[in-house]
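Asks: Line order of the protein sequences matches chains S and R. For the first sequence, numbering that gives the first Met the number 0 begins at 0 and goes up steadily by one. For the second sequence, numbering that gives the first Met the number 0 begins at 0 and goes up steadily by one.
Hints in this document: simulated from the structure, not taken from any laboratory. Be careful, since some hints might not be right.
In silico BS3-like cross-links for lysine-lysine, where the CA-CA straight-line distance does not exceed 25 Å [unchecked claim]:
hint	chain 1	residue 1	chain 2	residue 2
1	R	Lys93	S	Lys169
2	R	Lys198	S	Lys212
3	R	Lys102	R	Lys123
4	S	Lys326	S	Lys290
5	S	Lys169	R	Lys117
6	R	Lys43	S	Lys197
7	R	Lys102	S	Lys197
8	S	Lys191	S	Lys208
9	R	Lys93	S	Lys208
10	R	Lys110	R	Lys93
11	S	Lys340	S	Lys286
12	S	Lys198	R	Lys123
13	S	Lys164	S	Lys221
14	S	Lys44	S	Lys61
15	R	Lys23	R	Lys211
16	S	Lys169	R	Lys123
17	S	Lys244	S	Lys12
18	R	Lys123	S	Lys164
19	R	Lys101	R	Lys123
20	S	Lys198	R	Lys16
21	S	Lys335	S	Lys350
22	S	Lys12	S	Lys164
23	R	Lys211	S	Lys197
24	R	Lys93	R	Lys211
25	S	Lys44	R	Lys123
26	R	Lys198	S	Lys244
27	R	Lys43	R	Lys16
28	S	Lys340	S	Lys357
29	S	Lys286	S	Lys75
30	R	Lys102	R	Lys117
31	S	Lys227	S	Lys191
32	R	Lys210	S	Lys198
33	S	Lys197	R	Lys210
34	S	Lys191	R	Lys23
Each chain is listed here by its residues.
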Amino acid sequence: MNNINSVLENDEKIIFRLRELYSKYGYMKYRMSKFEEYDLYVRNKDFLVSENIITFTDVDGKLMALKPDVTLSIIKNSREDTASVQKMYYNENVYRASSETRAFKEIMQTGLEAIGDIDDYCICEVVMLAAKSLECISKDYILDISHMGIVSQAMEGIEISLNGKTALLKALGEKNVGGISAVCAAEGIDEKSTDLLKKLVTVYGAPDKVIEKLKSLPQAEKFSDAIKQLENITEMLTLVGCADKVRIDFSVVNDMGYYNGVVFKGFVNGVPEGVLSGGQYDNLMRKMSRKSGAIGFAVYLDLLERIYEDSHDYDVSTVLLYDEDAKLCDVNNAVKKLIDKGETVIAQKTKPEKLTYKKLVRLCKTEVEEIENNA
Amino acid sequence: MKTMLNVALPKGRLGEKVYAMFEKAGFECPSIKETNRKLIFENKEKGIRYFWVKPSDVAIYVEHGAADIGVAGKDILLEYEPDIYELLDLDIGKCRMAVAGKKDFRDNTQKTLRVATKFSNIAKNYYASIGREIDIIHLNGSIEIAPILGLSDVIVDIVETGTTLKENNLEVLEEIVPISARLIANKASFKFKNEQIEKILQSMTCQMEDKK
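Take the sequences, apply the hints, and build the full model.
Replies: Structure below.
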C-alpha cells in the first residue's frame, strides 16, 4: 500500500518514524486520559511552561484540567516498586496558552521518559534517542547539551537573593555576558565566580573542544563528575554517528528546582525555536516524593509544519464532471475505475473554482472523455 | 551558495551607526547608502542581507527567525521579553527609562498611582518591585501630555536629554534602568549560522574595546 505514504502529511510521517524508533529501543507506548486533576498542576506550577491551564468541573464536582503537560502525569502513574527502569513514550495533545497570542493552543507532543534506577547507559541512551529523533525530522539539526550540575556548582557558594538568582539564570539563558556582570556586581559576587559564569556561557561548540576548555578551568575539579558524564554521552553519540551535530551550550538552563543532571535542547534548521527539550529531572521526582531518578524529553510537533513546503503539486489528480441526468451507477462506476488506476478523483457537477488538478474529464452517458490535461 | 545572514536594523540614526559597525566588521553592503526607499539590501559575496524595520519591531523579526540577528534597544527587550540571545551591549543609543511627573508632583501613597506609558510591562514590573499599586494607562505617543492634562499622575518613558520634559514642565522623579542598544540573535540561527554570527560578535566586541 504505497498509497498510504502519499496521503500522510509530513508531521504524521514523523510521528510514525519516531514511534518506530522508540519501540525499537523497547520503549512502551503510554496512553493516558485527556484530563487530569487540577491539583497536580497547582503543586508543581513552576514546572509548567505556562501557568494558564484550561479547567472545568467534573460531574462529581472535582476541578479537572486539560493536560498542559504529560511528564507530571507519567510520574504520578509510575510505579515505585520495580527495580528496573520503566521506559515509556507518548504521543498526546497538550493544551497551553501561547505567550504571544494570549490564547490557548492545542499542541501535539511526542516524547519519552525513562523512570527508575537510571544509570549512565540509560542517560546516554535517552540523549542518543533525542539526537536520533531530530534526525527523523531533518538531517540539518543541532542538539545542544548542557549539564545542570556544572551550572549549579558554578553558582554554589555564592550568596545571592532570590530575585538575583532569577535574573542571573535569565542572563545565562540569553548568553548575556553584560547582564551577568551587572547582576553579579549588584549582588556583590566576587570576581572569580563572575568570571566563571561568563566563561560558561561563552564556551559553545563541539563537545571535545568544550570539554577540553572545561578541564582547563581552575575550578575543573569541582565539575569532574559532570565532565565524565558529558564525555560518556559524547562517546555514545560518536558511536551512533551523531557527534558532529552536538554542541555543548551552558545557556540551556532549565529550572534548577526540577532538573539536576544533563539537560538538552534540539533545533532543526528552518524553525526559529527549539523543537525538542528535555533532561534529567531527579529533583522533580523528589518533589513528587519518588525515590528513583528520571530522564526524558519532548518533541514539539506543532512547530514542524513550517519547515515542509507543500509537496503536492495539485489538490486532486482528476476532476470528473457529470450531468444532472447522469445515472447514479454510471457515476459510481466511472469514479471507481479512475480510483483503481491510482488516481484521486473528485466528482462534481460544475468545476470548482481555485481547485488545482491534473486532468479534467466529463462523463457522457457511460463514457469518460478528457477535456483538459495539465500533466 | 553561501547561506545569507539576515540582519534587522532599526530605521533611523541608530541604525546607521550600527550599520557602520557591521561595515567595520567586514560585512559591507554599498547599495545601502544609496538614497531610495528600498528596505532590503544584500551583498551576496559577503553572504549578508540587511533590512530596515521599525526599531520596536526588530526583536519580533529576530524572535521569529525572519532575521537571524538584529540590533534592538534594551527598552524593547524589557518590554516584550522576547526569547532570544542578547549577545552584546553596543553602548550606543544610550538613554534611560525613567518615571517623570510635574515639577511640583508629590506622590500621595494613599491613592493608586496612575501611570501613563508606552511601556506597560516595564512600568508594571517596576512598580511591582517596589510594591506600589498602580493603574496603567497605555498610550502610543506624546506621553508627556498625560500628566499635564491630568490623565495620569506620572509617566514612564525613555529620557534622552530631558529637553522634552523640561519644555513641558516635567522632570525626572525616578530612574528605572539605563537603556542602550543590544546585539541580539535568534536562538536557532545562532546555532546554524554560528560561524558568521561569532565573527560579527568578535569584531564588534573589539570595536567596543578600541573605543574605550
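Asks: Measure nothing beyond the straight line between the CA atoms of Lys23/R and Lys211/R; if it is 25 Å or shorter, mark the hint as holding.
Replies: 16 Å, holds
Asks: Between Lys43/R and Lys16/R, is the straight-line Cα distance small enough, at 25 Å or below?
Replies: 22 Å, holds
Asks: Given the hinted pair Lys43/R and Lys197/S, is their alpha-carbon gap at most 25 Å?
Replies: 35 Å, violated
Asks: Is it true that the CA of Lys110/R sits at most 25 Å from the CA of Lys93/R?
Replies: Measuring from Cα to Cα gives roughly 34 Å; hence the hint is violated.
Asks: Sort out whether Lys61/S lies within 25 Å of Lys44/S, counting only the CA atoms.
Replies: 19 Å, holds
Asks: Quickly compare the C-alpha distance for Lys169/S and Lys117/R to 25 Å and report which way the hint goes.
Replies: Holds. Lys169/S to Lys117/R sits at ~24 Å (cutoff 25 Å).
Asks: Going straight from one Cα to the other, do Lys123/R and Lys164/S come out at no more than 25 Å?
Replies: Since the Cα atoms of Lys123/R and Lys164/S sit roughly 20 Å apart, the hinted pair holds (cutoff 25 Å).
Asks: Hint check: Lys12/S vs Lys164/S, CA-CA at most 25 Å. Holds or violated?
Replies: Between Lys12/S and Lys164/S the Cα gap is close to 42 Å, so the pair fails against 25 Å, i.e. violated.
Asks: So if I understand the rule, the pair passes when the alpha-carbon distance is 25 Å or less; does Lys326/S with Lys290/S pass?
Replies: Status violated; Cα separation ~71 Å.
Asks: Assess, step by step, whether the Cα of Lys340/S is no farther than 25 Å from the Cα of Lys357/S, and give holds or violated.
Replies: 14 Å, holds
Asks: Within a Cα-Cα threshold of 25 Å, do Lys93/R and Lys211/R meet the stated pairing?
Replies: 16 Å, holds
Asks: Taken at face value, is the distance from the CA of Lys123/R to the CA of Lys44/S at most 25 Å?
Replies: 22 Å, holds
Consistency note: the structure conflicts with the earlier hints numbered 4, 6, 7, 9, 10, 11, 12, 20, 22, 34.
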